[in-house]
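**Student:** Residues per chain, in single letters:
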Amino acid sequence: MIRIRVSYCAQARAAAGVASDDIELDGARTPADLLAKAVYARGEKLRRILLDDNARPHPSVLVFANGKQLSLTSTQPLLEGDEVEIVPPISGG
Amino acid sequence: MTGKKELTETEREVYSWQMSTPDFGERGQRALKNASVLITRVGGVGGVVAYELAAAGIGRLVLAHGGNVRPNDLNRQILMTHEGIGKSRVDSATKRLRELNPRLEVETIPENASNENAERLVASVDVVIDCAPLFVERFALNRECVRRKIPLIECAMYEFEAQITSLLPGKTPCLACLYPSDPPAWKREFPVFGAVAGMTGCIGATEAIKIISGVGDPLYNRMLLCNLREMKFRMAAIQRNPNCQLCAGI
Chain V
1 MIRIRVSYCA QARAAAGVAS DDIELDGART PADLLAKAVY ARGEKLRRIL LDDNARPHPS
61 VLVFANGKQL SLTSTQPLLE GDEVEIVPPI SGG
Chain D
1 MTGKKELTET EREVYSWQMS TPDFGERGQR ALKNASVLIT RVGGVGGVVA YELAAAGIGR
61 LVLAHGGNVR PNDLNRQILM THEGIGKSRV DSATKRLREL NPRLEVETIP ENASNENAER
121 LVASVDVVID CAPLFVERFA LNRECVRRKI PLIECAMYEF EAQITSLLPG KTPCLACLYP
181 SDPPAWKREF PVFGAVAGMT GCIGATEAIK IISGVGDPLY NRMLLCNLRE MKFRMAAIQR
241 NPNCQLCAGI
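Here the protein sequences come in this chain order: V and D. Using this note's numbering, read the first sequence as starting at 1 and increasing by one per residue. Using this note's numbering, read the second sequence as starting at 1 and increasing by one per residue.
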């Protein structure tokens, strides 16, 4: 089991109701697994931001690990101690 | 950005503080004077971008923003005034900009960016600064900037947060690489403070000055993430999408 510190940005933060979570991953450790765990922990509002209708990561959500963008379809496992930021798109106004 | 208009003595005096930046100097100031920039919309973010570029001596601004000033614009849209409520936003913006810089050439287009007008909006400029709230506008500008291979500065904000990056077709991701489809659950109106919008606009204007003058390192292949609630500023590396339907071939 590994533990990942996840920070929520912008409307993901509002939907999660917290600025960050420590999420434990056991077995599957891809970015998609992490998003699914975050949604499981924080509920429906966050699901609408992070996942599409097929419960897959929404392609327009950016995920960074240690300051580098991750592919949402990556099968490369996250590592113990990784710091992940979930960054939904925002705009001007 | 390769124009030939020389600086006047008045301009040398007005811009003397920034021209004393060693790698900017008269060359950089002349580049600004000969540059055209499109700003879509001139609201909370875009209004500050326009004001800072007017102050810096940009030669020509194209301002695209539809509609009239509303009371709930005034917490952040600093080119608008209470007196201007019910009147054209681009006319209000132009008045304020010309008070600051009477030498500025301004073209106003009382429309928001769209698939129908993006080609026309982008046709005569060197750099585009995207400050629009709707992704349909942002995607239309991105498509046209990719087609013309010109820089697109992306400015975005939400509550106490901001995201800024500069996109250069063929060298960096385009907006469609980052956001291949409509963002989830995005709403036209969202929480934000004018001070956050202003900071976002100042960084966007700084990016434009750097790109036009060739000074410094623009936010190419990087996204600046600002969390003003906690005063955290982070730089994140962003990547091109090799399968991007818009820019993969260039």
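Any given hint could be a false lead.
Restraint ranges, calculated between C-beta atoms of paired labels, are given here [unchecked claim]:
| # | chain 1 | residue 1 | chain 2 | residue 2 | range |
| --- | --- | --- | --- | --- | --- |
| 1 | V | Gly-27 | D | Lys-187 | 32 to 40 Å |
| 2 | V | Met-1 | D | Ile-250 | 27 to 35 Å |
| 3 | D | Arg-147 | V | Met-1 | 45 to 53 Å |
| 4 | V | Glu-80 | D | Gly-67 | 49 to 57 Å |
| 5 | V | Glu-80 | D | Lys-5 | 52 to 60 Å |
| 6 | D | Asn-243 | V | Lys-68 | 32 to 40 Å |
| 7 | D | Phe-190 | V | Lys-68 | 24 to 32 Å |
| 8 | V | Asp-53 | D | Ser-16 | 54 to 62 Å |
| 9 | V | Ala-41 | D | Arg-27 | 34 to 42 Å |
| 10 | V | Asp-53 | D | Glu-99 | 27 to 35 Å |
| 11 | D | Met-231 | V | Ala-41 | 21 to 29 Å |
| 12 | V | Ser-74 | D | Glu-105 | 45 to 53 Å |
| 13 | V | Ser-74 | D | Gly-249 | 49 to 57 Å |
| 14 | D | Glu-119 | V | Gly-81 | 46 to 54 Å |
Calculated from the structure, these hints are not laboratory results. Glycine included, C-beta positions come from ideal geometry on N, C-alpha and C.
**Student:** Tell me if the beta carbons of Asp-53 of chain V and Glu-99 of chain D are separated by a distance inside 27 to 35 Å.
**Tutor:** For Asp-53 of chain V and Glu-99 of chain D the Cβ distance comes to about 51 Å; the hint is violated.
**Student:** Just to be sure I understand the hint, the distance between the Cβ atoms of Arg-147 of chain D and Met-1 of chain V should be within 45 to 53 Å; is that true here?
**Tutor:** 49 Å, holds
**Student:** Can the suggested window of 21 to 29 Å be confirmed for the beta-carbon pair Met-231 of chain D and Ala-41 of chain V?
**Tutor:** Once the Cβ atoms are compared, 27 Å apart, the range 21 to 29 Å for Ala-41 of chain V and Met-231 of chain D holds.
**Student:** Given a hint of 54 to 62 Å, does the C-beta separation of Asp-53 of chain V and Ser-16 of chain D actually sit inside it?
**Tutor:** Given range 54 to 62 Å: holds, Cβ gap about 58 Å.
**Student:** State, for the Cβ atoms of Met-1 of chain V and Ile-250 of chain D, whether the hinted interval 27 to 35 Å holds or is violated.
**Tutor:** At 44 Å between Cβs, range violated.
**Student:** Could you say whether the range 46 to 54 Å given as a hint is met by the Cβ separation of Glu-119 of chain D and Gly-81 of chain V?
**Tutor:** 48 Å, holds
**Student:** Does the Cβ distance between Ala-41 of chain V and Arg-27 of chain D fall inside 34 to 42 Å?
**Tutor:** For Ala-41 of chain V and Arg-27 of chain D the Cβ distance comes to about 55 Å; the hint is violated.
**Student:** Given a hint of 32 to 40 Å, does the C-beta separation of Gly-27 of chain V and Lys-187 of chain D actually sit inside it?
**Tutor:** 36 Å, holds
**Student:** Regarding Ser-74 of chain V and Glu-105 of chain D, is the given constraint of 45 to 53 Å on their beta-carbon distance met?
**Tutor:** 48 Å, holds
**Student:** Could you say whether the range 49 to 57 Å given as a hint is met by the Cβ separation of Glu-80 of chain V and Gly-67 of chain D?
**Tutor:** At 52 Å between Cβs, range holds.
**Student:** Falls inside 49 to 57 Å, the C-beta gap from Ser-74 of chain V to Gly-249 of chain D?
**Tutor:** The hinted range 49 to 57 Å is violated for Ser-74 of chain V and Gly-249 of chain D, with Cβ atoms some 24 Å apart.
**Student:** When you take the CB atoms of Glu-80 of chain V and Lys-5 of chain D, is the distance between them in 52 to 60 Å?
**Tutor:** Holds: the Cβ-Cβ distance is about 59 Å, inside 52 to 60 Å.
Hints 2, 6, 9, 10 and 13 from the list above are not met by this structure, while the remaining hints are.
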